[in-house]
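There are 2 protein chains.
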Amino acid sequence: MAKVAIMGYGTVGSGVYDIIKMNSAKLSESAGEALELKYILDIRDFDDHPEKHLFTKDVNDIINDDEISVVAEVMGGLHPAYEFTKQLLMSGKSVVTSNKELVATYGSELLAIAEEKNVNYMFEASVGGGIPVIRPLNRCLGANNVKRIAGILNGTTNYILYQMIKNKKSFETALADAQANGYAERNPAADVEGHDACRKIAILSSLASGKELDYNKISTEGITNISLEDVNYADSLDSVIKLIGYAEFLDNGKIYAHVAPMMLQKSNMLAGINDVFNGVLITGDCVGDVMFYGPGAGKLPTASAVVADMIDSAIHRSRRAIIGWKKTDEDIAASTDDKKFRYFVRTTSGGVSDIFGNVTAVESLVEGENAFITEALTASEMAQKSQKLGNIISSIRVFD
Amino acid sequence: MAKVAIMGYGTVGSGVYDIIKMNSAKLSESAGEALELKYILDIRDFDDHPEKHLFTKDVNDIINDDEISVVAEVMGGLHPAYEFTKQLLMSGKSVVTSNKELVATYGSELLAIAEEKNVNYMFEASVGGGIPVIRPLNRCLGANNVKRIAGILNGTTNYILYQMIKNKKSFETALADAQANGYAERNPAADVEGHDACRKIAILSSLASGKELDYNKISTEGITNISLEDVNYADSLDSVIKLIGYAEFLDNGKIYAHVAPMMLQKSNMLAGINDVFNGVLITGDCVGDVMFYGPGAGKLPTASAVVADMIDSAIHRSRRAIIGWKKTDEDIAASTDDKKFRYFVRTTSGGVSDIFGNVTAVESLVEGENAFITEALTASEMAQKSQKLGNIISSIRVFD
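So the protein sequences, as listed, match chains Y and U.
According to the working numbering, the first sequence is numbered sequentially starting from 19.
According to the working numbering, the second sequence is numbered sequentially starting from 19.
If you are wondering where the hints come from, they were derived from the structure by calculation, not from laboratory data.
Worth double-checking, as some hints may not be accurate.
[As the list claims (entries may be wrong)] Here are some chain U residues pointing at chain Y (derived, C-beta under 7 Å): (1) K44; (2) G200; (3) M287; (4) G312.
[What the hints assert, rightly or not] With a straight-line cut-off of 30 Å between C-alpha atoms, the simulated DSS-like cross-links for lysine-lysine are: (5) K21/U <-> K344/Y; (6) K403/U <-> K317/Y; (7) K317/Y <-> K21/Y; (8) K358/U <-> K403/U; (9) K186/Y <-> K70/U; (10) K104/U <-> K229/U; (11) K39/Y <-> K229/U; (12) K284/Y <-> K187/U.
[As the list claims (entries may be wrong)] Simulated DEER-style distance windows between Cβ atoms: (13) S254/Y <-> E381/U: 25 to 33 Å; (14) E348/U <-> S42/Y: 21 to 29 Å; (15) A52/U <-> D232/Y: 26 to 34 Å; (16) S371/U <-> K184/Y: 28 to 36 Å.
Note that beta-carbon positions come from the ideal geometry of N, C-alpha and C, so glycine has one too.
Please construct the entire structure, taking both the sequences and the accompanying hints into account.
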């Protein structure tokens, strides 16, 4: 019997509770022992809850209880989640989390404490919601040097872009629609400006390389500038526009990473990921391309990943699982000029080939503008040429 | 340092060798210790091999060497792979395999021996080649009761169907093409008649339920009867035809399973899996739909999965990983009448609605024939009605 606790009884926390109750037989089978829920930490009152005796407002009840071996941190936010997690790990308890911000910000430190205390700090639910991706990347692809990770990592922006693509809605209408459906927050900046996807590609990159990639060093661009015309141009090129978290592991040992809208051929598996779904395409030097697809958010899907980590932590109580990365002094972030992309460009200027040289012309869909695809360029080259040409309406990286 | 051996130096075996040599640093990092290859078993001579001293023709060299802890069985075929695996497990060594026939046929017995001897018998490479699917199903979805598994599990048939869909080739031409490209054997029966996919869905079903599903009890139909007209009809319905290994976990505790061509809407993620790629769609009661996609065969992809199991076996030397299923006296195979499907039907008979009742008419693409989609029917109902109607040209289950 493993005794466990939940910290935070919001959407994901109540999902974890539901799964522990609903699927207790399956959990016992998977873990080889029952998981018994002993505490739920939340500052709010839940007097009508059928198991109100489980609730506490004092984290010390959990920290000081030697019976507790695994704790699910599903509070979200940096504080006090960071302090609580640290204290729990220090007191020899494993912690599992869905908190991507915490993992991306304090992951190296928390992983080091877990290693020192011989317990687990697991975070399957922090990327891709219910999709198994952290453990497959770490374990099942353990024979591979990872060459590239490219993912649709944010369901809100994928929903908005899908509405633009499928129902020809404008960005503003699609966003309002997402908000009305509960897929986007009233303040949607973290999603639509790419910050959420940035934390997630940082976690995946750190895990694949074994070294911390600081998310502050990842060039991040959202979808707020994508227009219906861009989407239509993409369609005319048998492509779609998706917000991609992208990381390439370069031969010089550094990681090139960005979050940006990219134009993908419809035959690309990532192009078929619609609505609020997420998908992660991983390229290994032995396996080639593999993709993991599923619900990137939601109460039970995310809780499913949290509980899978609780099971794994219970199994690995006596011997911790090797998962995570270390902080190094070395700066592993590549320069944005270490990687070239082709760009789809719209402009009202003429004389394109004088500045961009060989380009592939694209049939114009808007009177008075030129559209084309460049040869592969670094970010600096693209910036210089764009400035020189002037009157750039859009420039979007092509996913090759 | 974990000392390991390879049994069988064919395509996959030489891929395992290549990965152990090529990616030794990555392997050490993933396993927490180096993997040292001590033997390669093969009955053939490899006198020109740079490490010819590793080769042996006598399996007892491996069985009797106490230093060996993990062995990759990549010989294929039932015998002597079965006898060798059994002896190795009995002597306390972990065995990992890509041999789906062996796992589907003797899995329960070999898993029980592994459990008794406290070693691992792992088989990630037996389904989906390089795609991580066995471990994610077992571990990452451990909080879920699995409701359904549906997969494109055979690359050869998927290639043939894709050539029919994309390039409008006939079955015969597409098969000849697959043979010319090395994707199909000279005797293609195991692939095109669905036997290979049958072994694989049996393995996935057994793993998900924890109980052995006998592959002999799985209704298996290949793609030899699929014509270019069927493919064109599917296209007219915004669908494609794929060979699907299908398993549904019924509320009565039994498993309904089949291998058969099915008609899928193009918006279904499985519909986008082209060429020789494989994909497995798993529905859990908490997570909903997740899909795993990638190369279902090939030297390095398959070897990548074998080596991942070697790493995991090395990590779990002192404490075995919980993975597998048990043989039970209970018959867990559902009757083919425990599950209803809609069917796409072509016939030259009239009077369809007199026999099939409410049907959805499909515009005829061939003069003199009627095409329609039935309501959901059991296999017996479908057989009876088809016999009564007569002159059935095709009947293909619809994937709902």
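So, going through the hints one by one against the coordinates:
{"no.": "1", "hint": "K44", "result": "holds, 5 Å"}
{"no.": "2", "hint": "G200", "result": "violated, 17 Å"}
{"no.": "3", "hint": "M287", "result": "holds, 6 Å"}
{"no.": "4", "hint": "G312", "result": "holds, 3 Å"}
{"no.": "5", "hint": "K21/U <-> K344/Y", "result": "holds, 28 Å"}
{"no.": "6", "hint": "K403/U <-> K317/Y", "result": "violated, 44 Å"}
{"no.": "7", "hint": "K317/Y <-> K21/Y", "result": "holds, 22 Å"}
{"no.": "8", "hint": "K358/U <-> K403/U", "result": "holds, 14 Å"}
{"no.": "9", "hint": "K186/Y <-> K70/U", "result": "violated, 64 Å"}
{"no.": "10", "hint": "K104/U <-> K229/U", "result": "holds, 20 Å"}
{"no.": "11", "hint": "K39/Y <-> K229/U", "result": "holds, 24 Å"}
{"no.": "12", "hint": "K284/Y <-> K187/U", "result": "holds, 22 Å"}
{"no.": "13", "hint": "S254/Y <-> E381/U: 25 to 33 Å", "result": "holds, 29 Å"}
{"no.": "14", "hint": "E348/U <-> S42/Y: 21 to 29 Å", "result": "holds, 22 Å"}
{"no.": "15", "hint": "A52/U <-> D232/Y: 26 to 34 Å", "result": "holds, 31 Å"}
{"no.": "16", "hint": "S371/U <-> K184/Y: 28 to 36 Å", "result": "holds, 35 Å"}
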